[in-house]
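Novice: What follows is each chain in one-letter form.
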Amino acid sequence: MKTLKQTGLVLFLIGLAVFSALPLLGTFSLTSSDLEKWSQARGTKSELFAEALQQEVAGKTFQGMQELSPVVAEALNEVNTIHRKNKEYDKVIYTKATDMAAEIGKQAGTGFIAENKGLMWWATFGLGILGALMFILPNVVLLGSKGIKNNGIYHRNATNRGWIAWVVFFYLIAFYLVLYFRPQYAVNWTFLVDPISETLSGNPAGHWFVYGFMYCTVMVVMGVRMYIKYRHNRYQMIRTTSVLFFQIVFAFLIPEIMVRLQMPYYDFKNAFPLDYDFFFQWNLRSLINSGGIGIFILVWGIALTLIVVPVMVYFFGKRWYCSWVCGCGGLAETLGDPYRQHSSKTLLSWRIERWIVHGVLVFAVGMTLMTLYSFFSDTGTVLGIKTSGVQNTYSLLIGSIFAGVIGTGFYPIFGNRVWCRFGCPLAAYLGLVQRFKSRFRITTNGGQCISCGNCSTYCEQGIDVRAYAQKGENIIRASCVGCGVCAAVCPRGVLKLENGPVKGRINPTEILLGNDVDLIRLVKEK
Amino acid sequence: MSTETIAIIGNGISGITAARHIRKLSDRRIVVISAESEYFFSRTALMYVYMGHMKFEHTQPYENWFWKKNRIELVHDRVEKVNPKRKELLLKKGKPITYDKLIIATGSKPNRFGWPGQHLKGVQGLYSKQELEQLEADAPDKEACHRAVIVGGGLIGIELAEMLRSREIPVTFLVRESSFWNGVLPEGESQMINEHIREHHIDLRLGTNLAEILSDANGRARAVVTDKGETIPCNLVGLTAGVTPNIDFLKGSGIALNKGVLVNRHLETNIANVYAIGDCAEQEHPIGERRSVEAVWYTGRMMGETVAYTICGKRRPYNPGHWFNSAKFLDIEYQTYGWVKSERSRGEDEMHFHWRHPEEKICITAAFRTSDRKFLGINTFGIRMRHHVLDRWLSEERSVDYVMEHLKDANFDPEFYRPYEKDIISHYNKTMGTQIIPKRKSWMRILNQPSS
Chain A
1 MKTLKQTGLV
11 LFLIGLAVFS
21 ALPLLGTFSL
31 TSSDLEKWSQ
41 ARGTKSELFA
51 EALQQEVAGK
61 TFQGMQELSP
71 VVAEALNEVN
81 TIHRKNKEYD
91 KVIYTKATDM
101 AAEIGKQAGT
111 GFIAENKGLM
121 WWATFGLGIL
131 GALMFILPNV
141 VLLGSKGIKN
151 NGIYHRNATN
161 RGWIAWVVFF
171 YLIAFYLVLY
181 FRPQYAVNWT
191 FLVDPISETL
201 SGNPAGHWFV
211 YGFMYCTVMV
221 VMGVRMYIKY
231 RHNRYQMIRT
241 TSVLFFQIVF
251 AFLIPEIMVR
261 LQMPYYDFKN
271 AFPLDYDFFF
281 QWNLRSLINS
291 GGIGIFILVW
301 GIALTLIVVP
311 VMVYFFGKRW
321 YCSWVCGCGG
331 LAETLGDPYR
341 QHSSKTLLSW
351 RIERWIVHGV
361 LVFAVGMTLM
371 TLYSFFSDTG
381 TVLGIKTSGV
391 QNTYSLLIGS
401 IFAGVIGTGF
411 YPIFGNRVWC
421 RFGCPLAAYL
431 GLVQRFKSRF
441 RITTNGGQCI
451 SCGNCSTYCE
461 QGIDVRAYAQ
471 KGENIIRASC
481 VGCGVCAAVC
491 PRGVLKLENG
501 PVKGRINPTE
511 ILLGNDVDLI
521 RLVKEK
Chain B
1 MSTETIAIIG
11 NGISGITAAR
21 HIRKLSDRRI
31 VVISAESEYF
41 FSRTALMYVY
51 MGHMKFEHTQ
61 PYENWFWKKN
71 RIELVHDRVE
81 KVNPKRKELL
91 LKKGKPITYD
101 KLIIATGSKP
111 NRFGWPGQHL
121 KGVQGLYSKQ
131 ELEQLEADAP
141 DKEACHRAVI
151 VGGGLIGIEL
161 AEMLRSREIP
171 VTFLVRESSF
181 WNGVLPEGES
191 QMINEHIREH
201 HIDLRLGTNL
211 AEILSDANGR
221 ARAVVTDKGE
231 TIPCNLVGLT
241 AGVTPNIDFL
251 KGSGIALNKG
261 VLVNRHLETN
271 IANVYAIGDC
281 AEQEHPIGER
291 RSVEAVWYTG
301 RMMGETVAYT
311 ICGKRRPYNP
321 GHWFNSAKFL
331 DIEYQTYGWV
341 KSERSRGEDE
351 MHFHWRHPEE
361 KICITAAFRT
371 SDRKFLGINT
381 FGIRMRHHVL
391 DRWLSEERSV
401 DYVMEHLKDA
411 NFDPEFYRPY
421 EKDIISHYNK
431 TMGTQIIPKR
441 KSWMRILNQP
451 SS
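Chains as they are written, first to last, in the UniProt record's numbering: chain A, 1 to 526; chain B, 1 to 452.
The hints are simulated quantities; they were obtained by calculation from the structure and are not laboratory data. Some hints here could point you the wrong way.
With beta-carbon atoms standing in for the labels, derived distance ranges [said to hold, decoys possible]:
(1) B:K24 - A:L4: 28 to 36 Å
(2) B:D349 - A:V308: 54 to 62 Å
(3) B:K24 - A:W163: 39 to 47 Å
(4) B:D203 - A:L142: 18 to 26 Å
This structure is a prediction, so every number in the text was calculated from the model and none was measured. Note that the Cβ used here is the ideal one computed from N, Cα and C, for glycine as well.
Just chain A, same shape as in the assembly (with noise of 0.2 Å):
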């Protein structure tokens, strides 16, 4: 079992080191009369920038992104100068250099990756998924008999914030930076998934595609490790089939396939502000000018946010959406597991997360109320702020930086809610709702607590759950997923997460179950 185990790491290595190596990797080269065929299809405007191409790019043969990409930002670059000095501003490109380096490296790629697809994509993701599949299912036999799984994490290098786990946490962040930023080296990514894209949407893959398959790919595989750790914990089984079904049905296959029928791009489950550019004037347009279909997407997206999120939260609480629906929930709950024991318990973090939290809720409505002014109004500015300027600070502090590079870079440090906690304004919309107005509660058994901190420990959100259990009090906090794991941690069925009347939710503990004292005489002496 254990030299399958660590038979399987190896495999899983090789894998990512083949994924990782790819970037750098590569022959990129366009003939004369392809780079014209994808200027014309293409439909830019310069005459110039295909000029610069046909003299700078095609003909030639470059080894990886890193030669192409600085030619085409160069002639990029040289091009929008002249045109802006000749006030030609119809011939400016806007298209960001790292995208066009991009667009034109899916176009450029010859050779070994390009050409070999399926072969890569088992060099790369089939060995990553059998790799990981063969460490993780020896578990089934190794982890022994039902129960309570934490033996040793604490001990352990990876999920003790050991070098082990600093790697991990640089190379996410590194890859999310890629990913956000320099789209131009996810080219070869993009290879090894075409025939998958192109049997479900009928285009070619491109670097979200890569991201929304390996999401996918992911979450399924550390679900199955998630599967073998609660095995005995039905909540948590239901809960992970759940988050799993609608991250491959929702996010992945039903956007895909709406493409393939002529339909907008859309995620029904995705909610906004979480879906912070729903509103934004491009979404707007392309829904209305996509028929009925887009209409519905309109009505929906707007219904899901003031209606269905709200009243299901009255009637489950949040955890309806954050653990059993969310993808970023999802992701948290799968991949994010091992490290949830990292949130941070303190007073002082709990001060900070409700001013981030509230504050990017207060931003993102902000924002969008501006954007709709400016959609109805048709100008570009709200009192003399540019729309677009907010925008687009919005997208790269909130939707790239912190809900990408932050939100799962920062797992194996700071655990794996950093972005549910502190950043997710819908989390702080339904935070809210479950805070004041919901029947969702975690009882507290009486007296039965021992104060051993199993449950504000594997807390992910960071929740001191004992100070409440220890004193009896049921648990009512904006912050809960109710991801079940501290009902699961204790050791004295302490907790229970449940639905019922909302009078006698927040429970009386002046005196704790047990103490039998004259309630009367009580409060009569206060």
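Let chain A serve as the given structure and place chain B on it in line with the hints.
Specialist: Relative to the frame of chain A, chain B by itself:
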């Protein structure tokens, strides 16, 4: 009056609960003295530190700034002598502390019954932070510790076994009784735990006593000899045959002692302004069917709260309600509410209904009075129960039939868990000749709200 100094010896759950409530109720000066640790921690969680579920810092329920903010002075020192006449505490390192009122909350220490070799190196209990550190030093892994022998089949014994097994250290478990914890548990449950212990590859030796611990040349335990004459080589001996109040330092102080510090129902000792709470306190007259010394987490907490009221001028007796407790035997959670007696201590008028799951390690035992079917208590293994509901049923003196009929109200298992009420009640009907149909769960009844 408000500048009165309250000294508390011991920073465990009892002492700290007292300190917290005194601060809630008053402005008195509070000094807590502990030799064991700088800050309060939960000793119930020590096992999880060794098993790698937590770090030691996670066992501390309050952040370090809490004490200063609440003006609770912490002294990390050992009290060597108490002089009640001068109201003075003599410390090992620091200057003496004078007090106006004293709370003794020094907890327990592991029993050592005079076994030969019981003070050798590598022989220890598992109660204090120091003992955890000792265990980490003596049994870091299976290479350093080829086998451990645990003596004493109680709750700490099985926890220690679980801890050592988490590092794959072979464990031999000597239990004096003929079946695990059968002085407390009824036979069926005790049997189930025996099976579960063996499933975890623990070498369980029932009806076996420790005779002697053998030493190597360096004064370290190398083997134990049992009363059956068998010699078991080992590197670690865990003594877990119960605990005893930690009160040696009080001898000769004039404070009345027996097994523990003798207290009345108000937790007052024979000397005015000296109180004792928690594991180290011994009730002069046991309360109900409870033991006179109760080494239980929640009773320490309740005594701490009670004594705080008394000290702050709202004198109040310690009045524990219905007995309850919980524990975990390896993977099996155990809860008990009311009294379910073992065969050994059961009276003539107590009858049991027992149900066990055909495959899994899940069972319940309900005790009731034969004459009038009054519900006396329930033990559950692998099923969680709702404390409030059972506590109320005991107060309302419900019949066992009522309890069975409303059993769904008492279930506290996580959502989506398989319910067992149907099986339990059909077995109940079969054995009792009743025709009870289980009622659906009702929030109105659970929360004791009048139906609207």
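Novice: Confirm or reject each hint.
Specialist: Each hint, compared with the structure:
{"no.": "1", "hint": "B:K24 - A:L4: 28 to 36 Å", "verdict": "violated (57 Å)"}
{"no.": "2", "hint": "B:D349 - A:V308: 54 to 62 Å", "verdict": "holds (58 Å)"}
{"no.": "3", "hint": "B:K24 - A:W163: 39 to 47 Å", "verdict": "holds (46 Å)"}
{"no.": "4", "hint": "B:D203 - A:L142: 18 to 26 Å", "verdict": "holds (21 Å)"}
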